[in-house]
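Peer 1: So you can see what is in the structure, the chains are spelled out below.
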Amino acid sequence: MVSTPKRLLLVEDDAHDARFVMRAFAQVDHAIEIILVTDADQAVEQLGHGHFDYILMDIKLPGSDGIELLRRVRKSRATALIPIIVLTSSINPADVLHCYGAGANAYVAKPSTVGEYRHFAEAFIRFWVESAILPPGMSTRR
Amino acid sequence: MAAFDEELVFKALYETFPDPVIIIDAERIIRSANNAALVQFGYPAEDFIGRSVRLIYANDAEYDKRLKNRAARVDETAPRSSNYLYVRRDGSTFSGHLRTTPLIDDQGEELALIGIIRDISDLTEAVGEREKASRMLNAALEAMPEGFAIFDRHERLVVYNKAYQAICGPAGPALKPGITAEEILLLARQGGHYPDAIPGTREGDEWIASRLRDFRHPDGKPKIYRYADDRWLRVENIRTKDGNTVVARIDVTDLKRAELALERQRQELEHKNEALDQFTATVSHDLKAPLRHISMFSEMIEDDIKTGDPSELADNARHLRDSVRRMNRVVDSLLDYAQIAHRITDWTEVKLGDVVSETLTILASDAREANATFEVGALPDVEGDPELLRRLVQNLVGNAIKYRHADRPPVIRIDGSVSDHTVELTVEDNGIGIDPRFATRIFEVFQRLHRDETVYGGTGIGLALAKRIAESHDGSICLDTTFREGARFIVLLPRRLRKAK
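Top to bottom, those sequences are chains S and B. Just so you know, we're using my numbering here: the first sequence kicks off at 2 and counts up by one. Just so you know, we're using my numbering here: the second sequence kicks off at 24 and counts up by one.
Careful: at least some of the hints might be erroneous.
Claimed, not checked - Cut-off 25 Å, straight-line C-alpha distance, at most; resulting in silico cross-link-like pairs (SDA-like, lysine to any residue):
1. B:Lys-425 <-> S:Thr-39
2. S:Lys-76 <-> B:Arg-460
3. B:Lys-311 <-> S:Tyr-101
FYI, nobody ran anything at the bench for these hints, they're computed from the structure. Being a predicted model, the structure only gives us computed values, none of them experimental.
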């Protein structure tokens with residue numbers, strides 16, 4: 002069975018952090034296509050154009066913030082079921098709850114070592130790509 | 024059977040009659056008095072008969088009143104019109120109700136006058152007591168600060184006090200016994216007495232209906248309603264056993280205002296707490312990000328050295344240095360921000376014109392580079408801290424230069440105006456403008472709308488700083504969201520120019 006790589010929308014305004022994420026996924030032995038956008042408006046635009054299997058996003062974004070993006074994604078029929086993983090620097094419990102409340106599926110604090118980034122990418126692939134049973138409607142590409 | 028002696032019977036009746044009976048002649052001399060009269064007035068017959076009837080009146084005024092009434096033939100059936108104050112031999116007095124019958128001869132001449140005097144002093148006293156009690160009650164009702172009124176079972180006003188009349192506002196002058204509760208409500212509504220029942224509105228109709236409901240079927244719980252002039256009244260309607268309704272109105276404006284002030288303070292505090300939470304979250308984010316990067320890049324440099332692959336070494340070292348620099352900038356901005364007191368203490372007179380020209384000198388090289396033109400209007404004087412105001416203006420003008428439009432050279436207009444209590448300073452540009460959605464977020468610490476620090480440099484502290492400076496002067500700053508050609512900021516500062524210092 003030939004499988005096309007899964008598509009991940011990465012919403013990250015910090016160029017360094019974005020680079021760390023791309024690097025970590027590149028080191029994992031599983032192909033995944035990452036499209037990087039740097040703010041919420043661009044993310045919405047991308048979601049309107051193409052199919053995405055996952056969204057990995059920061060909460061603190063320039064302009065309209067991540068919470069608002071979460072709500073927008075969940076409200077739109079076409080994107081309501083996409084798994085959203087929040088990757089952000091805050092570990093404030095209130096922020097975590099806030100994200101889940103707005104529709105996040107998972108919440109991860111930004112790592113501060115190369116090893117942690119690699120672990121994050123590996124765990125992401127294992128959990129979301131290899132093991133997770135996607136909700137109906139999400140298993141095939143549009 | 025013995026002959027019936029009529030004269031004897033009348034004499035017996037006369038002597039045993041319980042009320043005093045006195046007969047006077049045309050000259051008003053006492054000609055006869057029965058036993059009861061002698062006992063009542065305390066005279067032996069020889070000291071009573073033959074005296075002028077003036078003897079039994081307490082004073083000249085009472086006697087004159089009697090003479091006048093006699094001439095005017097007042098109605099003696101009513102005690103009110105025929106009561107006199109009489110005096111006994113021992114000088115004590117009593118009230119008596121006098122009824123008279125004249126004795127007329129064949130020619131119609133009046134021979135004598137028979138008077139019956141009933142002692143009504145007990146009754147008079149009782150009536151007097153009642154009147155006194157009623158007067159005291161009325162005085163107490165009038166003196167009560169609470170509005171008080173009684174309505175009968177047909178909802179008609181029976182009694183009310185002054186305070187109630189005042190509370191009825193525009194309906195007050197129309198109050199009179201008989202007016203109904205509904206009429207009072209409608210009159211007051213027409214006069215604009217109820218802010219929650221503006222005439223001609225459906226909400227108003229409902230409000231009046233609910234007031235009437237509470238009047239007709241009181242649930243025993245006092246209600247608080249808003250009245251004109253921002254006053255609050257506690258309204259209590261009580262249905263009595265006999266079907267009357269007693270209403271009490273108490274002005275609770277001070278209480279209500281205190282309650283509202285407390286609620287405002289609570290909300291303000293909540294708002295401040297939220298702002299503080301927001302501040303800490305952002306600050307920790309902006310301090311942690313470069314720290315994380317420093318950790319990452321140093322580890323990557325370590326790996327580069329270990330693996331002997333120098334291709335990324337120089338880049339990683341540069342990123343490491345940049346992260347340290349960024350962290351430095353964040354810390355400096357924070358210090359800048361933290362140094363501004365919540366409220367300045369040293370107020371001096373500041374010429375905004377000087378502040379602006381100083382700012383333009385400082386920003387001269389940036390302005391030249393951007394090919395910017397300035398239009399500066401007449402600027403008023405304010406009181407405040409000249410250095411802080413300079414930083415406020417510098418941040419606004421600096422932003423106006425920085426966020427210029429790629430297609431046109433920046434034109435920056437700085438203007439001022441004065442109204443009664445405030446000075447307005449506006450800074451507007453023809454740059455890229457700000458999405459009105461972010462009109463409040465832009466004033467938060469480290470909120471940046473533009474991700475690329477290389478194009479629009481800065482840590483995102485400028486407008487937060489400007490806001491803090493405006494607020495430290497008891498003023499405010501906002502984005503004019505109606506302005507479309509660019510960005511327009513309005514700073515309001517209290518005028519507070521005092522005469523003496």
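Peer 1: If any of the earlier hints don't hold here, list their numbers in rising order.
Peer 2: none
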